[in-house]
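Q: Sequence:
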Amino acid sequence: MTGLIETAQGAMEAGGPVLVLLFFVSVYGLALIVIKAVHLTGVMGEQAARAAAADAWARGDETAARRALEPGRTPPTRVMRAAVDLLAAGQAVARVRPAVERVANAELDRLRRHLRTLDVIAMVSPLLGLLGTVLGMIESFRQLDLAGGSANASILAGGIWQALLTTAAGLSVAIPAAVAGTLMAVRTDRVAAVMEADVGGLLDTAEAAEPPGPSKKD
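As numbered in this note's numbering, residues 32 to 249 make up the sequence shown, in order.
What you were told as hints is all true, and nothing was included just to trick you.
Per label pair, the in silico range of CB-to-CB distance:
(1) Gly73 to Arg147: 19 to 29 Å
(2) Val58 to Leu161: 13 to 23 Å
(3) Glu227 to Ile169: 45 to 55 Å
(4) Gly47 to Ala130: 47 to 57 Å
(5) Pro48 to Met154: 16 to 26 Å
(6) Leu161 to Ala228: 42 to 52 Å
(7) Thr94 to Arg143: 26 to 36 Å
(8) Leu161 to Thr213: 19 to 29 Å
(9) Leu214 to Ala239: 35 to 45 Å
No lab work stands behind these hints, which were simulated from the structure alone. Using N, Cα and C, we set each Cβ at its ideal position, and we do this for glycine too.
Based on the sequences and whatever the hints tell you, model everything.
A: Written out as structure tokens, the structure reads:
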């Protein structure tokens with residue numbers, strides 16, 4: 032364990048301030064990945080509850096529909112519960128749709144929170160690694176210039192090693208952030224699709240059963 036710590040400290044010293052910055056960025060990115068993974072766990076659950084609520088509403092049993100959606104732990108269930116509450120209050124479907132859309136957008140905004148940050152980490156980390164590469168090469172050639180006629184390959188090799196170290200670090204931070212951000216964005220899009228299918232089906236059923244003529248409540 033001590034040897035591993037000493038190796039890490041040596042790498043940090045060799046990589047310079049860019050590698051230190053990449054270390055903190057990697058810790059922050061890993062924390063975001065863990066937080067979002069926990070946040071997105073089970074977000075598409077309670078499918079049976081939503082199906083039961085839709086069936087109950089189609090039968091005209093508002094109480095059973097509302098009871099099926101309790102306690103509503105997932106975003107699609109909460110959005111459907113909002114739709115059922117508005118319909119049960121006598122709101123016309125034409126007015127319920129935009130209200131439910133606002134609720135759904137708020138839920139999706141919460142699910143997408145910090146995903147943009149992961150995208151930024153994935154974009155910036157390779158650039159920081161490239162910056163470290165350039166700084167390492169500059170230092171290497173500076174040492175060669177100072178050495179003059181006594182220059183040897185070890186001086187150049189040390190600078191190149193430092194440069195490649197920061198490049199590898201930048202890519203090591205960027206790749207997990209990019210993969211995690213993409214997978215989580217796909218999962219969020221699937222949640223949006225589930226919301227649209229389940230809540231849209233409920234509203235279509237309610238609209239078909241709505242009597243013609245003036246809306247219920249404006």
